[in-house]
Amino acid sequence: MPVAPTLKSRRANRRYAADVGLLVVAAAFVLPLAWVVLSALDPDAGLQVKIPDGVTLDNFDAVLEPDITFTPLLNSLILCGGATLLTVVCAALAAYPLSRFRSRLNRPFLLTILFATSLPITAIMVPVYALFVQVDLIDTMQGTIFFFAASQLPFAIWLMKNFMDGVPKELEEAAWTDGASSFQSLLRIVLPLMGPGVGVVTVFSFVMMWGNFFVPFMLLLSPDQMPASVSINDFFGNRGTVIYGQLAAFSVIYSTPVILLYVLVARRLGGGFALGGAVKG
Amino acid sequence: MTAAPPAGPGVVKTAPGPTAPPPTPKSRSLRRALTRALPVSPAVVLLVLFLAGPIAYCAYIAFTDLQLTGQAESSFVGFDNFREAFQDEAFLNAVWLTLVFTVLSSLIGQNTLGLALASLMQRASKPVRTLTGGIVITAWVLPEVVAGFLLYAFFRREGTLNAILDWLHLPSQNWLFTLPILAVSFANVWRGTAFSMLVYSAALNEIPKEITEAAEVDGAGGWRRMWHITLPMIRRSIGTNLMLNTLQTLSVFGLIWVMTRGGPGNRSQTLPLFMYEQAFQKSMIGYGTAVALLLLVVGSLFSVVYLRLLRTEV
Chain B
1 MPVAPTLKSR RANRRYAADV GLLVVAAAFV LPLAWVVLSA LDPDAGLQVK
51 IPDGVTLDNF DAVLEPDITF TPLLNSLILC GGATLLTVVC AALAAYPLSR
101 FRSRLNRPFL LTILFATSLP ITAIMVPVYA LFVQVDLIDT MQGTIFFFAA
151 SQLPFAIWLM KNFMDGVPKE LEEAAWTDGA SSFQSLLRIV LPLMGPGVGV
201 VTVFSFVMMW GNFFVPFMLL LSPDQMPASV SINDFFGNRG TVIYGQLAAF
251 SVIYSTPVIL LYVLVARRLG GGFALGGAVK G
Chain D
1 MTAAPPAGPG VVKTAPGPTA PPPTPKSRSL RRALTRALPV SPAVVLLVLF
51 LAGPIAYCAY IAFTDLQLTG QAESSFVGFD NFREAFQDEA FLNAVWLTLV
101 FTVLSSLIGQ NTLGLALASL MQRASKPVRT LTGGIVITAW VLPEVVAGFL
151 LYAFFRREGT LNAILDWLHL PSQNWLFTLP ILAVSFANVW RGTAFSMLVY
201 SAALNEIPKE ITEAAEVDGA GGWRRMWHIT LPMIRRSIGT NLMLNTLQTL
251 SVFGLIWVMT RGGPGNRSQT LPLFMYEQAF QKSMIGYGTA VALLLLVVGS
301 LFSVVYLRLL RTEV
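Protein chains in written order, with the UniProt record's numbering: chain B, 1 to 281; chain D, 1 to 314.
Hints are not guaranteed to be accurate.
Which chain B residues face chain D? A few, computed with CB under 8 Å, are given here [as the list claims (entries may be wrong)]:
no.	residue
1	Leu22
2	Leu23
3	Pro43
4	Gln48
5	Pro52
6	Phe115
7	Val126
8	Leu247
9	Val258
Simulated coverage check for chain D against chain B, where a stretch passes if three residues somewhere in it have a Cβ under 8 Å from a Cβ of chain B [what the hints assert, rightly or not]:
no.	region
10	89-102
11	246-254
Read the hints as simulated data drawn from the structure, not as lab findings. Using N, Cα and C, we set each Cβ at its ideal position, and we do this for glycine too.
Can you make the complete structure from the sequences, with help from the hints?
Spelled out as structure tokens, the structure:
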């Protein structure tokens, strides 16, 4: 071993040290993930990570039933799809004047929006429940969709406005002189140019709602309307002993769409992508 | 639209019809402002009805004795709910557990681990970096309830953690029973670290290479470089990240609900779970909402600090 290590060898050593450190953390983080994947394929799954006794698709077979999988997933899709659509449309419309026109109201409005992005939504669920009972929106899909959209809107507007600021104004000015209205130029020029940005807002809203448990848990009551995030609890309790293999299989089915969506967006925008940027403003 | 052609001396000016008064500059600019603001209105309507409305309603029913069942009228009770809360041992227990949960999982756990991962990633080789990043981010993208199940299985008596401890000949125990708040805090670290990691990765990438290299050539060791150069340069990201992590952690419900239901007893019952129990299992909507309002106020304070951190950028 050299007495005085050169800068280069010191760097190489440091890289090994960093690799080892990261791998230790990765090993700790991967254990629960390994459990769900292995148990889903295991005919005799328990609570521990173990190599399956044999690989089987029986667990998937057992849960791929209308009551267990298809209806809850469809409900999730209606709920999150509807609310995402509403969020993205409202956010795009609202972001346009904020990004394009100067007004004294912009700053206070944006500050309010930013303030709202970080409010703990969990805290207002009890009053929302009480309010929904009074106006008869409790246990309705549309009520839940409206609330989902409203809770996601502040962040969506904020993100959308930042992406829109990146589209140069000159392109639109040409269209304006040709007599295009603001709405036309938003639809034909701005939105197509910020496709990836709209994609990020859409995927982010959808993923947040897809995984949200508390909102549908509070606002929906009848079992046939429950999305997957709530119905997954049925694997526990009511049916006596828990069949962990099936729970794992359902978890895999329910989680796959959001993981795929995330990969899609991350690929498109490279690594740490927009969230870091969005957070910093 | 521009100035009218000068009228000749002999031309009689026709008075403008009552139906079309010439728009004064003021009313025209007002109308333009309104047209321009029109696209904002759907968002504003949604936000007012479904976000501001409930918040206002929250502030109102927190001062009433509204109950879930069997009571036609609720009456105004002033600060009774709050007075009751601060004498309620279960509430104080929830405040304490929320504090423990937030400090352990957000301030110490997610924040420090996120920074450590991000700075290790700066030096690690690419495959290791990609692999670790992928695993940590997967934990973050998973739906909250699924994450809850995975960590429930991990911490159960028959779970993976105890199997590993047995293998290492260390004493195993029923984590969800003996140390439930620690178990849910670790669960939150597992689930939330990716966010800090992404924020810090972005921040570290923006530090010019020359600066760290110069310090390295001058012989500053890893820790000193971190303390004197890196941390001061990313302090704004640290502030932002701490705020957002804390706000996120304050409102965690599903994860704890799935893992322990706040139990055993109420030994992992943080404020959101306490609020839920009071409002629905004990039917005290007024009291539950008072707790919610306190949570909201704490959240708003953090929000305001966060806004101040971002102040220069809006």
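Going down the list of hints, with the structure as the test:
About 4 Å separates the beta-carbon of Leu22/B from the nearest beta-carbon of chain D, less than 8 Å, and the hint is met. This hint holds: Leu23/B has a C-beta 6 Å from the nearest C-beta of chain D, less than the 8 Å allowed. Nearest Cβ of chain D to the Cβ of Pro43/B: about 17 Å, over the 8 Å cut. The hint is violated. The restraint placing Gln48/B at the interface with chain D holds, with a minimum CB-CB distance near 5 Å, inside the 8 Å limit.
Against a cut-off of 8 Å between C-beta atoms, the interface hint on Pro52/B is violated, since the closest Cβ of chain D lies about 15 Å away. Given the 8 Å rule on beta carbons, the hint for Phe115/B holds: about 5 Å separates it from the nearest Cβ of chain D. Interface restraint check for Val126/B: the shortest CB-CB distance to chain D comes to about 5 Å, inside 8 Å, so the restraint holds. Restraint check, Leu247/B versus chain D: the minimum CB separation of about 6 Å is within 8 Å; hint holds.
Checking Val258/B against chain D: minimum C-beta separation of about 6 Å stays under 8 Å; hint holds. Counting residues of the region 89-102 of chain D whose CB lies closer than 8 Å to any CB of chain B gives 0, so the stated coverage by that chain is violated, three being the minimum. Given as covered by chain B, the region 246-254 of chain D passes the check, having 6 residues with a CB less than 8 Å from a CB of that chain where 3 are the minimum.
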